[in-house]
Amino acid sequence: MPTIWLILIVLAVAAAGYAAGRGRALRGVGGEGRSLHSTPAYHGANVAMKSAGPALLLLAVWLAAQPVYVNGIVSAMIPDSAVRDGTSLELTLAEVRRTARGLDLAVEKGLMDEEFARDAGVDPADMTARLRDSGAVVTSAVTAPVLEAARKFRALDAAGGRFMAAAVVAAAVLGALWGIGQARKGFRARNVVERGIEAALIAAASIAILTTLGIVLSLLFNTVEFFGLYPAHEFFFGTSWAPSFSGRGGSSELGVPPLLWGTLYISLVALLVAVPIGLFSAIYLSEYAGSGVRSVAKPMLEVLAGIPTIVYGLFALLTVGPLLVDVFGEGGLLGVSWQGGGRSVMTAGLVMGVMLIPFVSSLSDDIIRAVPRAMRDGSYGLGATRSETIKRVVLPAALPGIVGAVLLAASRAIGETMIVVLGAGAAARLSLNPFEAMTTVTAKIVSQLTGDSDFASPEALVAFALGMTLFVITLALNVFALYIVRNYREQYE
Amino acid sequence: MPEPDVEAGEVKISARDVQVFYGDNHAIKDVTVDIPDKAVTAFIGPSGCGKSTFLRCLNRMNDTIDSARVEGDILIDGENIYDRGIDPVQLRAKVGMVFQKPNPFPKSVYENVAYGPRIHGLAANKAELDEIVEKSLRGGAIWDEVKDRLDAPGTGLSGGQQQRLCIARAIATEPEVLLMDEPCSALDPIATAQVEDLIERLRGNYSVVIVTHSMQQAARVSQRTAFFHLGDLVEYGATDDIFVNPGDERTEKYISGRIG
Chain V
121 MPTIWLILIV LAVAAAGYAA GRGRALRGVG GEGRSLHSTP AYHGANVAMK
171 SAGPALLLLA VWLAAQPVYV NGIVSAMIPD SAVRDGTSLE LTLAEVRRTA
221 RGLDLAVEKG LMDEEFARDA GVDPADMTAR LRDSGAVVTS AVTAPVLEAA
271 RKFRALDAAG GRFMAAAVVA AAVLGALWGI GQARKGFRAR NVVERGIEAA
321 LIAAASIAIL TTLGIVLSLL FNTVEFFGLY PAHEFFFGTS WAPSFSGRGG
371 SSELGVPPLL WGTLYISLVA LLVAVPIGLF SAIYLSEYAG SGVRSVAKPM
421 LEVLAGIPTI VYGLFALLTV GPLLVDVFGE GGLLGVSWQG GGRSVMTAGL
471 VMGVMLIPFV SSLSDDIIRA VPRAMRDGSY GLGATRSETI KRVVLPAALP
521 GIVGAVLLAA SRAIGETMIV VLGAGAAARL SLNPFEAMTT VTAKIVSQLT
571 GDSDFASPEA LVAFALGMTL FVITLALNVF ALYIVRNYRE QYE
Chain A
12 MPEPDVEAGE VKISARDVQV FYGDNHAIKD VTVDIPDKAV TAFIGPSGCG
62 KSTFLRCLNR MNDTIDSARV EGDILIDGEN IYDRGIDPVQ LRAKVGMVFQ
112 KPNPFPKSVY ENVAYGPRIH GLAANKAELD EIVEKSLRGG AIWDEVKDRL
162 DAPGTGLSGG QQQRLCIARA IATEPEVLLM DEPCSALDPI ATAQVEDLIE
212 RLRGNYSVVI VTHSMQQAAR VSQRTAFFHL GDLVEYGATD DIFVNPGDER
262 TEKYISGRIG
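Protein chains in written order, with this note's numbering: chain V, 121 to 613; chain A, 12 to 271.
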């Protein structure tokens, strides 16, 4: 039975249970809803909750567990000799599953009957031909062990599906009956439903947390695997980044310092652009601008934050890069030849800085406006001017929050990818010249994982180690920023 | 409590036909009043009657509110403070202000008091600044309590201490007039008594104007009282007269607790 039908049946049982529970609660008090502890709707909701909740949970668990169980049994049936040379058990299992689907398809189309599909005496070659005719995806001749495993797979899968349907419907009905049995005068259905809602909210929150945990763990395991293939000290202290994809083991140099240097250098340039401009515009918006200017200027600034980073990347590549070459390049305005090509730390840093302006300005604006009016009044009342008040009272009071905003912007800059892919170049280099092309951790993650790469090689796995490095840096920055922002909140309470 | 020197005190502030508008709202109507020097003048009246608004006109604090508009003349020592030639920043150094809620800056006690002298360049060197800070803290009747912790944050003091710190901060710029906007409304009775004692002492050197919701406080600390109602100055005179023989029916009702 398709799962969607099962879900609909469970929901139907729950709906019927709702009506039944509601009705029973009302009948139990002779139609006098007031003498119930909870309104009839809560008794109904209690029934629906008890019927649909456990049943759907069971369904989800079963759907996750059954393939694991079936795979375990089937893979035990496949002898080592049946695994083709150069492939793995995993690939053979995939073939088993494909064959099983092919059998399903053939039966469905009437090319063979169920008896034939289950018959162990059929010749594999004959079966392969029939499967091809039915249009199933069969890559090569189906061997006898695979065919047998596929039959077993079908049988287990079908049996599992039937058991699952029975168990889920039973759970729904039993839950409904339990709930209906509770629908009596003194039963506190309202409190029970409240707890149910709480459980649902906790479940929603846990999904987000568990996903994060899953991502971190997958990063971690792959990083550990990478360090099994490549020495950690060379990764952290090697000054050269030269991956090779020729397949010869051991010829790659995967030192992270050039990439980290590029990341930090570009972020530094970006922050040098974004922090003064962002902070000054925040001060203007919060302290000087009239409400009319503010109502126009603030949304305009925030539009900057809505521009996709790939567009900034194009802007860096096509406008800012050539412009910088015209100024700092060979035969340029300044008569120096610092910059060779359009792609450089400066190009990416400047554009990234523009991207970060709204971050800094919007957060700082909120923080500056959160400084109580009483502080400003106190300063004005002593005869201070606006800029004296800002410099000596408002900014010191807001400083921890502003530092927090800057750190958040920094972690954003470190994680930024598209602008550096297009604007900074691809050469990993340890250099102080900001007009030279460099590359960053994020850009290299992209280039290591795009194209055909074997996921068991250090050249591909290094991406996870790079990701982990970035994750640790940005996490540390975020934690530090949150710590500062939190302390700031306590300041004038 | 006769106060013979009050009637003799010279007029420090004189307001003529003052109108204040917040947008379309006419908050103060035709207020004309003379405030004496070296005396405490109390503004009383129900909430929203305009007494705080009028107080804030006296040092042009309403300039910091976009929608506020002031008409009429206010003269301090014969000089119109709304004249074009007057710099509101200079004016506020001369007319100090203490606010309803104690608002020390999130700085040390010392820096709080040194703030005004620093921005106005009143001290030539550190020794002079130290002297001004000590004098002001003594003037604020808080020196003995904070002399050992001048580097501690001003926000860490108790509410009453914070308010006296704010008064010390205000007198550090050597103002001639001290405006107080309900300075005791956030304080407990003991701290209130301390601040009231302080106000009594300040009267010797400054013209003090205090807005208060407490009629007992007005009676205790002030020599002259102005009663505001719905933006009008209803009655103004010696405090004893106002409380004993109110001339206007509204004043009498307010004082006896039947309105407001």
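It is worth saying that the hints were derived from the structure and are not from the lab.
Just so it is clear, the structure is predicted and the values come from calculations on it, not from any experiment.
A couple of the hints might just be wrong.
[To be verified] Now the stretches of chain V that chain A is said to cover, found in silico as 3 or more residues with beta-carbon under 8 Å:
{"no.": "1", "stretch": "492-500"}
{"no.": "2", "stretch": "508-518"}
[Stated by the list, open to error] To spell it out: a stretch of chain A is covered by chain V in this simulated footprint if at least three of its residues, at any positions, have a beta carbon under 8 Å from a beta carbon of chain V; those stretches are:
{"no.": "3", "stretch": "122-133"}
{"no.": "4", "stretch": "230-244"}
Each residue gets a CB set at the ideal place from its N, CA and C atoms; glycine is no exception.
Original post:
If you check each hint against the structure, which ones fail?
Top reply: Hint 4 is the one this structure does not satisfy, whereas the remaining hints hold.
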